[in-house]
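Trainee: Keeping the supplied structure of chain A fixed, place chains B and C upon it in accordance with the hints.
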Amino acid sequence: MGLENVIAEALPEVLTTRLDSLINWARKSSLWPATFGLACCAIEMMNATTSRNDLARFGAEVFRASPRQADVMIVSGRVSRKMAPVLRRIYDQMPEPKWVISMGACATSGGVFDNYAIVQGVDKIVPVDVYIPGCPPRPEMLIHAVMMLQDKVMKESVRDRRDIPEEEAREAVVPGTLPITDGSTARQNTLPESRPYTIASRHERRRSN
Amino acid sequence: MSSATIPPQFEIVDRPLDTQMTISMGPQHPSTHGVLRLELVLDGEMVVKATPDIGYLHTGMEKLFEYKKYQQGIVITDRMDYLNPLGNNLAYVMAGEKLLGLEIPERAQVIRVLFCELQRIGSHLVWLGTHALDIGAMTVFFYCFREREKILNLIEAASGGRLTPSYFRIGGLMMDLPAGFENRCKQFLDGFPGAVDEFHKLLSGNKIFQRRTQGIGYITAEDAIDWGLAGPCLRGSGVALDVRRANPYSGYEKYDFEIPTEPDGDVWSRYMVRMREMKESHKIATQALARLRPGPIKADAPKVVLPDRQAMKSHMDALIHHFLIVAEGFDVPEGEVYHPIEASKGELGVYIKSNGGPKPARVHFRAPSFVNLSALPMMSEGEMVADIVAIIGSLDIVLGEIDR
Amino acid sequence: MSSEPENTEPAPSPLVAALQREHPEWFSEVIVAFGETTFIVPREHIVAASTFLKAWPEGRFDLLADICGCDRGVEEEPRFEVNYHLFSTTKYHRIRLKVVLNEEDAHVASVTGVWRTANWHERETFDLFGVVFDGHPDLRRILLPDDWQGHALRKDFPLRGYEPYSLK
Chain A
1 MGLENVIAEA LPEVLTTRLD SLINWARKSS LWPATFGLAC CAIEMMNATT SRNDLARFGA
61 EVFRASPRQA DVMIVSGRVS RKMAPVLRRI YDQMPEPKWV ISMGACATSG GVFDNYAIVQ
121 GVDKIVPVDV YIPGCPPRPE MLIHAVMMLQ DKVMKESVRD RRDIPEEEAR EAVVPGTLPI
181 TDGSTARQNT LPESRPYTIA SRHERRRSN
Chain B
1001 MSSATIPPQF EIVDRPLDTQ MTISMGPQHP STHGVLRLEL VLDGEMVVKA TPDIGYLHTG
1061 MEKLFEYKKY QQGIVITDRM DYLNPLGNNL AYVMAGEKLL GLEIPERAQV IRVLFCELQR
1121 IGSHLVWLGT HALDIGAMTV FFYCFREREK ILNLIEAASG GRLTPSYFRI GGLMMDLPAG
1181 FENRCKQFLD GFPGAVDEFH KLLSGNKIFQ RRTQGIGYIT AEDAIDWGLA GPCLRGSGVA
1241 LDVRRANPYS GYEKYDFEIP TEPDGDVWSR YMVRMREMKE SHKIATQALA RLRPGPIKAD
1301 APKVVLPDRQ AMKSHMDALI HHFLIVAEGF DVPEGEVYHP IEASKGELGV YIKSNGGPKP
1361 ARVHFRAPSF VNLSALPMMS EGEMVADIVA IIGSLDIVLG EIDR
Chain C
2001 MSSEPENTEP APSPLVAALQ REHPEWFSEV IVAFGETTFI VPREHIVAAS TFLKAWPEGR
2061 FDLLADICGC DRGVEEEPRF EVNYHLFSTT KYHRIRLKVV LNEEDAHVAS VTGVWRTANW
2121 HERETFDLFG VVFDGHPDLR RILLPDDWQG HALRKDFPLR GYEPYSLK
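Residue numbers (the numbering used here), protein chains in the order written: chain A, 1 to 209; chain B, 1001 to 1404; chain C, 2001 to 2168.
If you are wondering where the hints come from, they were derived from the structure by calculation, not from laboratory data. Computed from a predicted model, the values in this text were never measured in an experiment. From the three backbone atoms N, C-alpha and C, an ideal C-beta is built for every residue, glycine too. Incorrect hints may appear among the rest.
Stated by the list, open to error - Computed beta-carbon distance windows for the label pairs: (1) C:Glu2022 to B:Glu1222: 21 to 29 angstroms; (2) C:Asp2156 to B:Val1048: 41 to 49 angstroms; (3) C:Thr2090 to B:Glu1253: 14 to 22 angstroms.
Isolated chain A (complex conformation) (with noise of 0.2 angstroms):
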């Protein structure tokens, strides 16, 4: 919204408690979710949207294709080494605010995949706000977590939030980094020496203090 920017900077300390009430109310009644579908959890994810569970009673059943339109981040299902620099991206491309929902016991601790392919925990990645057990999660603890999300929102601080600055931002997103799948080329192509996403955002930033 930016508003929220505005006032904050101009006013520190003042306003900001009541300003947070409204902000926060009106973020949490529409959270829109990235569609970032994985594995099995994914299923259970569209099927929480469809006419039996309904999240839209919930404000959260507008899954965004781009990144840039969304709110939260449901990771549902096992994150593979191969995914997880894309996962960081899809990550870094979303405005702030932004919440990660970590859904099934693969996204947070691996699940039964202790393995060499996958990340044993989608923390490891990007911070995460809520998380869900479950080897599929039901799509009723989805929405459980979504208004867990929602209970969380209210509790925030507008000043905790803010934009990126224009400069990391731009920073975050190397264009190329993802490898070229062309055979020929492939080999060519030398890897960056440090990937995008080990640049901490302000909110993971602010956490680790």
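Mentor: Positioned in the frame of chain A, the structure of chains B and C alone reads:
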């Protein structure tokens, strides 16, 4: 200005413009059914070359099988093709049974057939909903999931799990059907043909859908066989090949059903094949339900099959026996088998190599989606970029199975 | 499996006998077990044998169902196996061809010229086992990232990999 003063980066203007453009589609794309990535070389809107890039969901399952006992492996198969978990269970347990030489009682066979066909319908419903959604028809998705929910409820009633049932075990079933299951199942089966007619009404007569699918993604029968296609993709090219007929298992030879084929080999043909297959699966499930007789559900193989739960509560021996099988597993004779079944997406083959002992030496899955997807570059050459999603949808791929 | 005795292997012996009569140098070693027929084909003959089987009027193995690699163990010699599962779309026969390879010289000729579907199967086997298919048009990793070290399904590759995943 003399040419010597022009900085080198401006000389590029003189080069003729390239007419081809390369775009990356996925791995996060709503129409790639998961995390498939395509590298498309486009000439205007026409696809010159499509290169699939897979492995974004590589789970290392085949490695994991080598570290798990045979009965633990069933859990992993659920997560492979997560739209058709019972099919995966069946292929895996039947390969194990082949190695052990077990004979499965009639009731267990019938229940396996019943559940596999229900699961096939469920898998096709997800395909139909997402395929229509990709092409732009949103309503169908909700109707499909409404019907699918009923199937999931049936599976949940029997196994306790919606998506990951692990219901079939080496030597039989996890447990018998719950009381009243037959009635619930009958209720669903009675209503289902009407639902299929509803889907036809929603989609098949839709002119936009027809124009988006007819004549798109063409593949001939010879090419389809050469590319190893299986299941509805092969039958959509007019080859009447079905593992249930060719190499019957679980008593499929006793059921009366047709193998639907369509001659055209395009997206529409594959659509029609699956729509007709749902009716055939319904037919088989109805027959299986009528065939259901009381009887044992586990093979007579005490070294492999877990003892009856009721006996465990009253007999110490049964409890010890249960503990031994669970803790130590069972020894499987040395050898190697390949067991194919007809999953919802085509021939699902399981290769198990055993060196004796409770853990397999190598487990490999011949995943139908993996093979079907490999023909995508050939099918999509010369098509419009918007048709790519239609072709991907018609292949009915599941990335969990492709990447394993 | 004993509950479906017919059809799992329709008439194995006439098939084996006919093949051995036609080409004894390719199909001499045969294993019949669990109702399945396995021919151990010498490595240098795999393309010729495949071409023959695809066109052979009595068998017509026109569909290559699967290729899968197998690691027998680090100290075993020969170490690797490559299994080709063949299927006939008209006669519904199934056979398996097996090629055994040494670790130092894990090369086998590609059958992509015979069945185009072999392309991805061979890439997968190369990715996970490091078996090199000579003559493959585009042999590179398929499932694991391009910068991956080692071959994951070899027995000496640890289950959890060499290092835990981190952001660096």
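Trainee: Hints the structure violates: just list their numbers, smallest first.
Mentor: Those not satisfied: there are none.
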